[in-house]
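Order-wise, the sequence lines are chains A and B.
Mapping the first sequence onto this note's numbering, position 8 (from 1) lands on 8, and the numbers just tick up by one.
Mapping the second sequence onto this note's numbering, position 147 (from 1) lands on 147, and the numbers just tick up by one.
Note that these hints are calculated values from the structure, not bench results.
These numbers were taken from a predicted model, which means no experiment stands behind them.
Ideal Cβ placement from N, Cα and C applies to all residues, glycine included.
Some hints could be false.
[Said to hold, decoys possible] Derived Cβ-Cβ restraints for the label pairs, each shown as a range:
#: 1; chain 1: B; residue 1: 409; chain 2: A; residue 2: 15; range: 45 to 53 Å
#: 2; chain 1: B; residue 1: 587; chain 2: A; residue 2: 32; range: 33 to 41 Å
#: 3; chain 1: A; residue 1: 32; chain 2: B; residue 2: 436; range: 48 to 56 Å
#: 4; chain 1: A; residue 1: 58; chain 2: B; residue 2: 241; range: 21 to 29 Å
#: 5; chain 1: B; residue 1: 100; chain 2: A; residue 2: 61; range: 47 to 55 Å
#: 6; chain 1: A; residue 1: 32; chain 2: B; residue 2: 263; range: 38 to 46 Å
#: 7; chain 1: A; residue 1: 114; chain 2: B; residue 2: 111; range: 27 to 35 Å
#: 8; chain 1: A; residue 1: 21; chain 2: B; residue 2: 275; range: 47 to 55 Å
If you want the building blocks of each chain, they are given just below.
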Amino acid sequence: MKTLKSTDELVKLREDILSGKRPSDNSYPAPGRVRIRVHMGTSGIASGALDVYNFLVTELEKRNISGTVIRTGDMGYSFAEPTIEVTRAGEEPVVFGNVDTFRADEIIEKFIKNGELTDGIIPANFRTITI
Amino acid sequence: MSEKIIKLMVCSGKNCSRKQGDDITDALKLELEAVSLENKVQVVRTACFGLCNAGPVVKVWPEGTIYTGVSPDDAAEIVNEHILKGRKVERLLYTDPATGKKIPDEKSLTSLKKQLRIVLRNCGITDPENVEDAIAHGAYLALAKVLTEMQPEDAIKIIKDSGLRGRGGGGFPTGLKWEIARKNQSDEKYVVCNADEGDPGAFMDRSVLEGDPHAVLEAMAICGYCIGSSNGLIYIRAEYPLAVQRLKIAITQAREYGLLGKNIIGTGFDFDIEIRYGAGAFVCGEETALIHSMEGLRGEPTVKPPYPAQSGFRGKPTNVNNVETFACVSPIILKGADWFSSIGTQKSKGTKVFALAGKVNNVGLIEVPMGTTLREVIFEIGGGLPKDKKFKAVQTGGPSGGCLTEKHLDTPIDFDNLVAAGSMMGSGGMIVMDEVDCMVAVAKYYLDFTVEESCGKCAPCRIGNKRLHELLEHISKGHGTRADLDRLRNMSVVIKDTSLCGLGQSSPNPVLSTLDNFMDEYIAHVDAKKCPAGKCRDLMQYLIVKENCVGCTACARVCPVNAISGERKEPHLINQSVCIKCGACYEKCKFDAIIIQ
Ligand SMILES: Cc1cc2nc3c(=O)[nH]c(=O)nc-3n(C[C@H](O)[C@H](O)[C@H](O)COP(=O)(O)O)c2cc1C
Ligand code: SF4
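With the hints as extra help, turn the sequences into a complete structure.
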């Protein structure tokens, strides 16, 4: 990436990423693919989020599921770490709590493949701002 | 019905105080079986939707209808009407009290949600190690706007008008601070981000830095432009390795993209940021001590004035702000002062992030508009206390704050109300306590911390806090008298009045607030030599109730000091002179034969 030289270039870069024109290295917003965010702040990692992240990366590939796994900071749900957010193409995001590799496997098979939900979902219990 | 499986999401967090969720789930499952739809429609339990005022709720997914105030008796109607016939059950839709209209989906219901994320807007959303993800979510647009469309004075005015106050504890108006730093002429000035976060149990700043580092970098650059500085410094404790690593990556990437460094996005404005590490002393969060620590000197506070804005890092005007304060800046610039000042209470605007911990079900980070009550935070967002224990107190403000009780539960949380109630906002730690927490022990715990963390520069804090701690120790051992309670109070007041820095000036707060709110507990300790909560080891005994003891020997086997004796199948006995009161037997006994006295 070359240096941004003006506001216009910044705004254009943003638009290109959002519209998928620029294949950014975490393919935001991953059109047509499942997007998984693994919440990996200190709390998440301490509860085992790294294992979940590695598991998801290898298993998606093994099971031929086209998608992206993104590391983010924590959502703040310390009571249910590790947490992951899964967005199937065209659907609203779903956050799962207390995810270990066993649960991650279940989420791939049930939710990602078939759209079936599992117990232990954490609904977005907050309002948020968008910029 | 479409071939896609429908789901009914029932809010039934194990923690919900209303606890209808499981019954509703069962009822829905039964109704579905009755019409042989159990394979087509899935019922799942979810954690709290944050719509407790309208709870319990059932959400139909993926279409999004939200039913509120649902009871198990409503299951039949939901299944028969909505699932089978595709007609919404009007009766169970939420009615907007303002318009009298029925609200069909979650989006319009979000106004009922107690939490509002401004500071945490990107935490858990963006990849902190990818600047493009941040840009996609709007990072650096505010900086671009300020640099190209505004004079520094205009931007300062927006921050001033927004009513933003410092989130590091003191609550000083941020715009005013920037204005003072701008007015002080100098060839060099500094922008410092205080990421020391020393309060035990607090992790708001860490989460922001780990989740959304660009928000802080951007705001520091905006601050630099406003006060006329090209140098930013982030003071962060070395105990936050992940935050440090992500900050470093973020700074490198921002430089690569021309968002930091020389000639930022072609505007001719230069601003760069360096990281300075702290060794984790609490007092180094105090701004003058922090500056000395960055200069390579001892982390000791100095008398203010001069304030850092006059003479700070290397004697130059320095603007110190907290991580969370900075994280509020970009949204204010983009959405305007009026937007921000419409949130919160009269004198405290915007939101506050709290680290909710202790005896509360949903431990974690929350962000609520100022003015939300403690009750809403603890019992709705926090899901109440585990095991249905009774609420006793909530500690806010860490070692500088105090314990609030039942009677403060409906106080709207803001800077001034908390101070009036005898505590303070602090950086946002919030620890919930239940009936088995002893308030003398709590005060002692915080004093332990301050004694450890006092820098020792001034006598009231160095010596006074130690004496306070000794007195508390004395009381919790059962040697205290009523006169000691007076002594505690007098000494506390003197320490507050005479200490040099904020640490000593606030360290007696946990003592004073517990004296004010839990005098009866102190009196029980000094008069009856009893600890009502059963926490002070010297004032309690573990006893075996003969009638309940079956002689299983489980207790005798777990006792680490062999204080328990007795024959198999005979009642056992605890030898009090040997017992170290670890409670292992108490935990182990299945027959409620061991009691605390
Ligand atoms: C003992 C003590 C510890 C402090 N610790 C912190 C801290 O960890 N983080 C912080 O931002 N401010 C802390 N402060 C407050 C700072 O001195 C300063 O007021 C603050 O960083 C200013 O930023 P703000 O205006 O954005 O709140 C502490 C103050 C005292 C007296
Ligand atoms: S009040 Fe305590 S921490 Fe502050 S300068 Fe005095 S001794 Fe040091």
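Status of each hint after checking the structure:
no., hint, verdict
1, B:409 x A:15: 45 to 53 Å, "48 Å, holds"
2, B:587 x A:32: 33 to 41 Å, "54 Å, violated"
3, A:32 x B:436: 48 to 56 Å, "54 Å, holds"
4, A:58 x B:241: 21 to 29 Å, "26 Å, holds"
5, B:100 x A:61: 47 to 55 Å, "53 Å, holds"
6, A:32 x B:263: 38 to 46 Å, "39 Å, holds"
7, A:114 x B:111: 27 to 35 Å, "34 Å, holds"
8, A:21 x B:275: 47 to 55 Å, "34 Å, violated"
The earlier numbered hints that this structure contradicts are 2 and 8.
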